[in-house]
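There are 2 protein chains.
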Amino acid sequence: MPRIRHRRLDCSPGCAVEATLELIDGKWKGVILFHLLQGTMRFNAIRKRLPNVTPRMLTAQLRELEHDGFVLRTVYAEVPPKVEYTLTERGRSLEPVIMALKSWGDAHTSFDPASADRATGGTGAGPPDSWPACRS
Amino acid sequence: MPRIRHRRLDCSPGCAVEATLELIDGKWKGVILFHLLQGTMRFNAIRKRLPNVTPRMLTAQLRELEHDGFVLRTVYAEVPPKVEYTLTERGRSLEPVIMALKSWGDAHTSFDPASADRATGGTGAGPPDSWPACRS
DNA sequence: CGGTATCCTCAGAGATACTG
DNA sequence: CAGTATCTCTGAGGATACCG
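Protein chains in written order, with the UniProt record's numbering: chain A, 1 to 136; chain B, 1 to 136.
Bear in mind the hints are in silico, worked out from the structure with no lab data behind them.
Honestly, I wouldn't trust all of these hints.
As the list claims (entries may be wrong) - A few chain A residues that face chain B, going by a derived Cβ cut-off under 10 Å, partial list only:
#1 50
#2 102
#3 104
Every value quoted in this text rests on a predicted model; they were computed, and no experiment measured them.
Just so you know, even glycine gets a beta-carbon here, dropped at the ideal spot from N, CA and C.
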């Protein structure tokens, strides 16, 4: 069984920011957490929401979330197999964080060049050329 | 000049979550953003706040933040050189996100086992063994 | 249905040294 | 002071195939 380790030990007043980021970082954890906020889901249900995820990656991410105490994995001894993923209390405590991320994303995915780059007496140089857009 | 690309294009209702996460992900961006919220800082001032960062990494992270329109880099034609980093409007718009991350981290760095893992009719098995603690 | 098992790639990140 | 320049390496993450 591969042990799960966290890497960031660097501290400072902003340590808490990094600590939290590290926990929800990892390619799919954010979205998984977001979807689980709507309720318990089964493996393939989650999978359908993440179009490009491979089973291997989804398992890995879910295992990390479980290890970090965010989700509870419940296996039913049935045929065919049934596994449910539910947020724990700790997992639900992330709701404000996830929602802050979502709100910002919703508000800024279509970027308005006129509102950025105007901080102080900026040069006007270095025009931001491209931000990623959300497809579909 | 190495072009900066973003990778995550995967969409779904939770797309915005991932989109935001991607922008502030990257080992040091969260803390940098956090510190810049307190005001304009110079390169070495930021560096002092991130004890274990190498100049190369700090430069890279700042360049990405600049590319994403979060920070403004102002170079003064002086000797010795002076470069200041300031948040843009767009950068400051991240404040709720950063603060959500920090609040959660502050509240959960000392983990209380009694409050987690009690979701539904949990098994009680799989005791969470170790979470990373903040040193210093 | 809900995963494992392998294999592989490549970009993120560290160490070290040097510079306008 | 504020960075570059290399060189190296780890491991997160993808592709593909198979299993209880």
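How the hints compare with the structure:
A hinted interface residue such as residue 50 of chain A counts as satisfied when its beta carbon comes closer than 10 Å to some beta carbon of chain B; here the least separation is about 7 Å, so the hint holds. A cut of 10 Å between beta carbons decides the hint on residue 102 of chain A: the least distance to chain B is about 5 Å, and the hint holds. Taking 10 Å as the C-beta contact cut-off toward chain B, the hint placing residue 104 of chain A at the interface holds, the least distance being around 5 Å.
The structure fails none of the hints (numbered hints given earlier).
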